[in-house]
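Participant: In the UniProt record's numbering, the protein residues as written are 1 to 458.
Wrong hints could be hidden among the right ones.
Unchecked claim - Label pairs and their calculated CB-CB ranges:
no., residue 1, residue 2, range
1, A403, R349, 15 to 25 Å
2, V392, E90, 41 to 51 Å
3, A335, V392, 17 to 27 Å
4, P419, E55, 20 to 30 Å
5, R382, E298, 15 to 25 Å
Quick caveat, the hints were computed from the structure, so don't treat them as lab data.
Each residue gets a CB set at the ideal place from its N, CA and C atoms; glycine is no exception.
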Amino acid sequence: MKLAFVGVGGAGTRIVDRLLAREAETDRTVSRGNAIVFDTAEPGDAFRGVEHVPEECRVTFGDVHPDVGPAGTGGNPDLGVAAAREDVYELRRAFDALEFTDVDGAVLVAGLAGGTGGGAGAVLLEELQEVCDDPVYALAVLPSADEPAGRALTAARSLQSFVRIADNVVCFDNEAWDSEIGPLEDLESRTLSYEESVDADAESTDDSSPAVDADADADADSRGPSSDVASDDPDAEDDSPPHPYETVNRAAADRLLSILGAGELESMTIAENRIDASDVARTLETGGVSTIGQATLELEQRQRAPDWLPVPSWLPASFRGWLTDSPEDSGPTDAARVKDLVQRAVESRLTVPCAVDSADRTLIVLSGPPSSVSRKGFESARHWLEGEADTVDVMAGDEPRDAAELTATVLLSNVTEVPPVEAVQERALEALELLEDRDGRKSTANADDAAGENEFIW
């Protein structure tokens, strides 16, 4: 698919930067730099570490709002919504920097637990739907379980709006990827605002608590998505360690590009069953929440006989295959191994854990050398996934490319049994109860019913 990328908040900004970096590294032609990022923090803080998004496509807003400080919204989604609505005309004009005439869709990236990503992100998502005639998808990051309850409340509210507005929401769960997150000592200034005192451990609830845009670290695949190339910046003046979320940022970018960017390569041989934009769009047209799984098989790099050296016909078939590197004879990735690879992708760490049989539609993409893709294994894997997902709506295709590995990426669309989402919703309810007990304020749980048809839950 040809796409336009939009990042909102610190997390969304850095993930989009990572997407552009990975697009270049993998020779894909998904966006060709067709991207823009938004944040409420001061430019120096908002876009620190961003390298691949052009400066003219880095937009700050909310600077005239009296409650938006140097660090942004301080994690308050209501403030994020207010700031975006106040500057909505400027935000619409900013979209003029994007090219929508030759795209198959757009992707908005944001951390749901942040004031800017979760709050303003919903407003920008709605505006993006207005200016883009093609589908608008979202990559939304869920907070970790150890983050304050206020963030879970923000994420739960934001997710409702994102699912309602976007054509499909691919979720990334920070909790599921917790082992890949580095030391968080450098993120001690994480915001404790937006009623974060509902967290039982929160000792500091005064307004002087340091406020940092929650988007900078509340992203599902990177609480402060940083680009993997940040540490390699030749202009860097310090020896700062890699950002804690560098690894998960790469994981999110790889998986999203493997699905949405399938077939968008600078040079690609003709595929027997090539995947294209229509296959991806049809899988995602279900709406709802989706997840992505991926597994990789390293291919054996074998020495083959020179072309001028004749191979005696009397040699055993297995030895002839080794000399000629013939996949039919040697079978480095036979049917069983290809099927196993797809199974590992589904059973691997998904971007957000879910019940596979709750998926509405699925898509399989095999990427690697054509000689390594077994047709029999491909069809066997497809049949297996039909049984696992309990659906016959399984699309599949391959992406021929010169690589030393074979990669299987699986998209599960409109999954309805998603434990991390349920956990966030439960914590959000607890946060509401604590807020009521503390302040005696009326619950906002039914605010959605009271809102107008075109209003957000705020």
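Participant: Confirm or reject each hint.
Facilitator: Status of the hints after comparison with the structure:
no.: 1; hint: A403 with R349: 15 to 25 Å; verdict: holds (22 Å)
no.: 2; hint: V392 with E90: 41 to 51 Å; verdict: holds (48 Å)
no.: 3; hint: A335 with V392: 17 to 27 Å; verdict: holds (21 Å)
no.: 4; hint: P419 with E55: 20 to 30 Å; verdict: violated (41 Å)
no.: 5; hint: R382 with E298: 15 to 25 Å; verdict: holds (23 Å)
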